[in-house]
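Using the sequences and the hints given, assemble the complete structure.
Residue numbers (this note's numbering), protein chains in the order written: chain P, 877 to 1249; chain X, 1167 to 1738.
In case anyone wonders, no lab produced these hints; they're calculated from the structure. Treat the hints with care, since some could be wrong.
Label-pair restraints from in silico Cβ distances [as the list claims (entries may be wrong)]: (1) P:Lys980 to X:Lys1319: 21 to 31 Å; (2) X:Lys1319 to P:Gly1160: 27 to 37 Å; (3) X:Gly1432 to P:Lys980: 47 to 57 Å; (4) X:Ala1634 to P:Arg1090: 31 to 41 Å; (5) X:Gly1432 to P:Asp1129: 40 to 50 Å; (6) X:Asp1531 to P:Thr987: 47 to 57 Å; (7) X:Asn1473 to P:Ser1061: 55 to 65 Å.
A few chain P residues that face chain X, going by a derived Cβ cut-off under 10 Å, partial list only [said to hold, decoys possible]: (8) Pro930; (9) Ile947; (10) Leu1059; (11) Ile1060; (12) Gly1062; (13) Asp1128; (14) Pro1164.
Below, in silico cross-link-like pairs of lysine-lysine (DSSO-like), each with a Cα-Cα straight-line distance of 30 Å or less [stated by the list, open to error]: (15) X:Lys1308 to X:Lys1290; (16) P:Lys980 to X:Lys1524; (17) P:Lys1015 to X:Lys1545; (18) X:Lys1685 to P:Lys1015; (19) X:Lys1519 to P:Lys1058; (20) P:Lys980 to X:Lys1319; (21) X:Lys1212 to X:Lys1641; (22) X:Lys1290 to P:Lys980; (23) P:Lys1058 to P:Lys990; (24) X:Lys1435 to X:Lys1485; (25) X:Lys1290 to X:Lys1319; (26) P:Lys1015 to X:Lys1577; (27) P:Lys980 to P:Lys1029; (28) X:Lys1519 to P:Lys1022; (29) P:Lys980 to P:Lys1015; (30) X:Lys1524 to P:Lys1015; (31) P:Lys1015 to X:Lys1517; (32) X:Lys1524 to P:Lys990; (33) X:Lys1312 to X:Lys1290; (34) P:Lys1058 to P:Lys988; (35) X:Lys1641 to X:Lys1485; (36) X:Lys1485 to X:Lys1545; (37) P:Lys1022 to P:Lys980; (38) P:Lys1101 to P:Lys1063; (39) P:Lys1101 to X:Lys1545; (40) P:Lys988 to P:Lys1015.
By construction, the Cβ of each residue, glycine as well, lies at the ideal position given by its N, Cα and C atoms.
So the chains spell out like this:
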Amino acid sequence: MLEHPLTMWQQMESLGYTRRDFLRFASWLAAAAGIEASGIGQVVHAMETKPRIPVVWLHFQECTCCSESFIRSSHPIVADVLLDKISLDYSETLMAAAGHQAEKSLHDTMTKYKGEYLLLVEGAIPTGDDGVYCCIGGKSAEDILKEVAAGAKAIICWGSCASNGCIQAASPNPTGATPVHKLISGKPIINVPGCPPIAEVMAGTIVHLLAFDRIPQLDGLGRPKAFFSRRVHDTCYRRPNYDAGLFVESFDDENAKRGYCLYKMGCRGPVTYNACGVMRWNNGVSYPIQSGHGCIGCSEANFWDYGPFYQHLASFPGFGIETTADKVGVALGVATVAGIATHAISTNIRKRKQIQQEIADSDTIADDKKGGA
Amino acid sequence: MPNRIVVDPITRIEGHLRIEAEVKDGKIVDAYSAGTMVRGLEIILKGRDPRDAWAFAERTCGVCTTVHALASVRTVENALGIVVPPNAELVRNLMFCAQYLQDHVVHFYHLHALDWVDVVNALKADPVKSSAIAQSISNWPKSSPKYFADVQKRINTFVASGQLGIFNNGYWGHKAYALPAEVNLIAVAHYLEALEWQKEIVKVHTIFGGKNPHPNYLVGGAPCAVNIDEANALNAERLAYVGRLFDEAATFVEQVYLPDLLAVAGFYKDWGAIGGGLTNFLAYGDLPVSGYNSPESFKFPRGIVLNGDLSKVHEVDGKDADQIQEFIAHSWYEYEGGDAVGKHPWAGETKLKYTGPKPPYEHLDVEQKYSWLKTPRWKGQPMEVGPLARMIVAYASGRQEVKELVDSTLKTLDVPVSVLFSALGRTAARGLETKLVAGWAKEFFGSLVSNIKNGDARMVNNERWDPATWPAGAKGVGMTEAPRGALAHWIVIDNTKIANYQLVVPSTWNASPRDANGKRSAYESALIGVPVHDPEQPLELLRTIHSFDPCLACAVHLYDERGSYVHRIESF
Chain P
877 MLEHPLTMWQ
887 QMESLGYTRR
897 DFLRFASWLA
907 AAAGIEASGI
917 GQVVHAMETK
927 PRIPVVWLHF
937 QECTCCSESF
947 IRSSHPIVAD
957 VLLDKISLDY
967 SETLMAAAGH
977 QAEKSLHDTM
987 TKYKGEYLLL
997 VEGAIPTGDD
1007 GVYCCIGGKS
1017 AEDILKEVAA
1027 GAKAIICWGS
1037 CASNGCIQAA
1047 SPNPTGATPV
1057 HKLISGKPII
1067 NVPGCPPIAE
1077 VMAGTIVHLL
1087 AFDRIPQLDG
1097 LGRPKAFFSR
1107 RVHDTCYRRP
1117 NYDAGLFVES
1127 FDDENAKRGY
1137 CLYKMGCRGP
1147 VTYNACGVMR
1157 WNNGVSYPIQ
1167 SGHGCIGCSE
1177 ANFWDYGPFY
1187 QHLASFPGFG
1197 IETTADKVGV
1207 ALGVATVAGI
1217 ATHAISTNIR
1227 KRKQIQQEIA
1237 DSDTIADDKK
1247 GGA
Chain X
1167 MPNRIVVDPI
1177 TRIEGHLRIE
1187 AEVKDGKIVD
1197 AYSAGTMVRG
1207 LEIILKGRDP
1217 RDAWAFAERT
1227 CGVCTTVHAL
1237 ASVRTVENAL
1247 GIVVPPNAEL
1257 VRNLMFCAQY
1267 LQDHVVHFYH
1277 LHALDWVDVV
1287 NALKADPVKS
1297 SAIAQSISNW
1307 PKSSPKYFAD
1317 VQKRINTFVA
1327 SGQLGIFNNG
1337 YWGHKAYALP
1347 AEVNLIAVAH
1357 YLEALEWQKE
1367 IVKVHTIFGG
1377 KNPHPNYLVG
1387 GAPCAVNIDE
1397 ANALNAERLA
1407 YVGRLFDEAA
1417 TFVEQVYLPD
1427 LLAVAGFYKD
1437 WGAIGGGLTN
1447 FLAYGDLPVS
1457 GYNSPESFKF
1467 PRGIVLNGDL
1477 SKVHEVDGKD
1487 ADQIQEFIAH
1497 SWYEYEGGDA
1507 VGKHPWAGET
1517 KLKYTGPKPP
1527 YEHLDVEQKY
1537 SWLKTPRWKG
1547 QPMEVGPLAR
1557 MIVAYASGRQ
1567 EVKELVDSTL
1577 KTLDVPVSVL
1587 FSALGRTAAR
1597 GLETKLVAGW
1607 AKEFFGSLVS
1617 NIKNGDARMV
1627 NNERWDPATW
1637 PAGAKGVGMT
1647 EAPRGALAHW
1657 IVIDNTKIAN
1667 YQLVVPSTWN
1677 ASPRDANGKR
1687 SAYESALIGV
1697 PVHDPEQPLE
1707 LLRTIHSFDP
1717 CLACAVHLYD
1727 ERGSYVHRIE
1737 SF
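Structure representation (structure tokens):
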């Protein structure tokens, strides 16, 4: 171990990046973290002086889509910064060592950097039946999480699995899959939901921690405000079609070919907080709605259990945009979702007349469909 | 007495895999493969809308993302008698090809290469010699002495920092590493380049499916509407983007991946006789030219080769109750008919019965049950699935394109056809099929553009979208080839809802525990006879297991609620 670990700037320099590359990256980082232009200097300074942080990345009940998303980070030097600049001491997906040697890496970091390392968690933790549903090295996921979390400086929960349980927690949640925040307390926990989260959102979150040595501003659900404060619906480029009452009525119809709003095809954009509409996916190439399919709401808690994906929101039991906030709150009984619903209603109140018309239309469609269901 | 070694976690894979192996006189004499995580997706799918199933099923794996969605929409379409428009078939083929290109390259460089490439040894390389070697095997432009010197400097800084991160505690300096320092340096340079490159080809998924990982699919077709006169649809710009991505991918495969693969293989010819195993191969085939319902038009043919006999290809039928069955003799489940019977997926019965040790544990009781994976068999036989199975079945089926590529590669390496049945053969087959897929993608892209040019913009068949048009009961099977091998989903639909949904996936075939007759599956079988120079550093074991490209989240999905729930579907 060097006595003075290299700073991020020294690391980048050693990788052959120019000062210009570095400054561009710092600007990107600042933008991604929602920092004003005047704050870029602060980012640059931080990157020049901060040593890299040891990082442990644990996998539990998951499909590795978060890791895969992470390595898609589009900024040209993000992958290098994240793979080289943090010291990724334990990652079952990428590390060379296996078995005992892998466990040794983990324990060395936990001992040597107690209270300093960053814990990244991918996956939910099955708490049913003494944890037999996920064991690594003979130990249960819950035991491993608690042991590693104890010495962590902060925890980032990658994706919907670690943030809110995701698919394995969907009804009937056979293994007792549980998100991190319900098992760990007394540590800063950042939830970065999505199935998976957008690569740049992941990069932006972790780099925020590295650069500023403090966690980004979080909302009530522990999500970074920079990326999760807006509904997909409000940032969707097809929103004007919604406002004008122009909807796709069936997949591949004439309206689909014109890129109209997918609300009637079940789009969850109106109840989903995520940055898809703003940042889009895979270096801004597209996002689900742009490619013709509605949002399935993958960053929202319990999204798997909110009815069939192609049934549109107005025909949900208990969730009509024209119903009152009280009614919605009672019907759903979940504070989070009620909050979202209330938001949806309040932002739509001025369009009430148009929406009422649309609800009337959609009810007709829903009734038409009931014949088969 | 054999020495029992346990490798858990097996890293550089998807999911949670544990291998226990017995080593005697420097060789593995027995091995046990265990999946140690379950989620219960099939239980969760029950009662849902069949049109939603693809999204659930897709989450079985984020590494081979998209293939489970494909198997799922085909399963539902098969049950409901839906034939998708040609354009949708082509879009699905292109997404399939993009997945292979990304997944196989990432497997080679980021998951498998470190079994063959000594990263630290690359520091000893002469960059001038690396450059000369690189230029002698490829036209790839990044090959100057300066380039390799820069890469070396990067590694040097990295190693000198003392914080090796993901390279920490690797088996560097192990006797089984055979590459010259110069080739190690080339491979490390391309490890870094491939990491940058892989995020490009997945944009094919983003264009057609809106995101990657986990792009969107649709029962009846593909969600991306075509309109060449509209910015909001699949138009000329989007298509040109797709075309460019495939062109660049083909270049990378031909100028980086394949030359590296051959260069590395040349130093490990002894591995052409190690890690073979079963020599039974199963492929469902995929990449239809004339539609999914015409398997004879598939680029990857369907079939079975038994005992390495390339002169005969057996037929496989997913609907025949006597062919594909799952057994539980060594799996933590129980069947009403006892542990000896097998169940076809349509007649699946799942009852959880964990009898393993309570965590934390040191060893599994391998004489009893030891895995969350069931054990699939074809007519009672264990099967290997994956790139090698696809190439072997295509070779035995007399596919000219495949035969020529395989034969010329064997000739270049100056090795006999028998080396195919080995860990090296598996790794080579993966590279060869990547080259084929890169070429086929261009054909499919040409067909899609030509269809659109000729006025066919159809992307979805909506005739059976409305559940009112469905029969009261239906069942279907959807097959594909995941990058890791034969993948199929089975569905039973009852009154417009999912009554039963079963997945039999590649790693279940390969990584499953032995059956009631003590017959080993592919991993356990391949490990027999593998040398282990140092039981504390079982590099050779990892090399063999990684040659299969394990993907465990897919393999372990069967589960039942607290052992009390029995789910049974009578055949009808």
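Handout entry: Restraint check for X:Lys1685 with P:Lys1015, where alpha carbons must lie at most 30 Å apart
Key = The hint holds at about 29 Å.
Problem - X:Lys1308 paired with X:Lys1290 [C-alpha distance capped at 30 Å] - result: holds, 20 Å
Exercise for the section: Mind checking the alpha carbons of P:Lys980 and X:Lys1319 for me, to see if they're no more than 30 Å apart? Expected result: Roughly 28 Å separates the two Cα atoms, so the pair holds.
Exercise for the section: Take a look at whether the Cβ-Cβ distance between X:Gly1432 and P:Lys980 falls inside 47 to 57 Å. Expected result: For X:Gly1432 and P:Lys980 the Cβ distance comes to about 34 Å; the hint is violated.
Problem - Given pair status - P:Lys1029, P:Lys980, alpha carbons within 30 Å - result: Measuring from Cα to Cα gives roughly 20 Å; hence the hint holds.
Practice task
Using the Cβ atoms, figure out if X:Ala1634 sits within 31 to 41 Å of P:Arg1090.
Solution key: Distance hint for X:Ala1634, P:Arg1090 is violated at roughly 56 Å.
Exercise for the section: Below or equal to 30 Å on CA atoms is what counts here, so check P:Lys1015 against X:Lys1545. Expected result: violated, 37 Å
Problem - Distance restraint between X:Lys1641 and X:Lys1485, which requires alpha-carbon spacing of 30 Å or less - result: It holds: about 10 Å lies between the C-alpha atoms, which stays within 30 Å.
Exercise for the section: Starting from the range 21 to 31 Å, see whether the pair P:Lys980 and X:Lys1319 falls in it by beta-carbon distance. Expected result: holds, 29 Å
Problem - Status of the hint placing P:Ile1060 at chain X (closest C-beta pair under 10 Å) - result: Where the cut-off is 10 Å and the nearest Cβ of chain X is about 19 Å from P:Ile1060, the hint is violated.
Handout entry: Hint check: 10 Å Cβ-Cβ cutoff, P:Gly1062 to chain X
Key = Cβ of P:Gly1062 sits 24 Å from chain X, so the hint is violated.
Exercise for the section: Hint says 55 to 65 Å; check whether the CB-CB distance for X:Asn1473 and P:Ser1061 agrees. Expected result: Holds, at about 58 Å.
When held up to the earlier numbered hints, the structure conflicts with 3, 4, 5, 6, 10, 11, 12, 17, 24, 26, 39 and fits the remainder.
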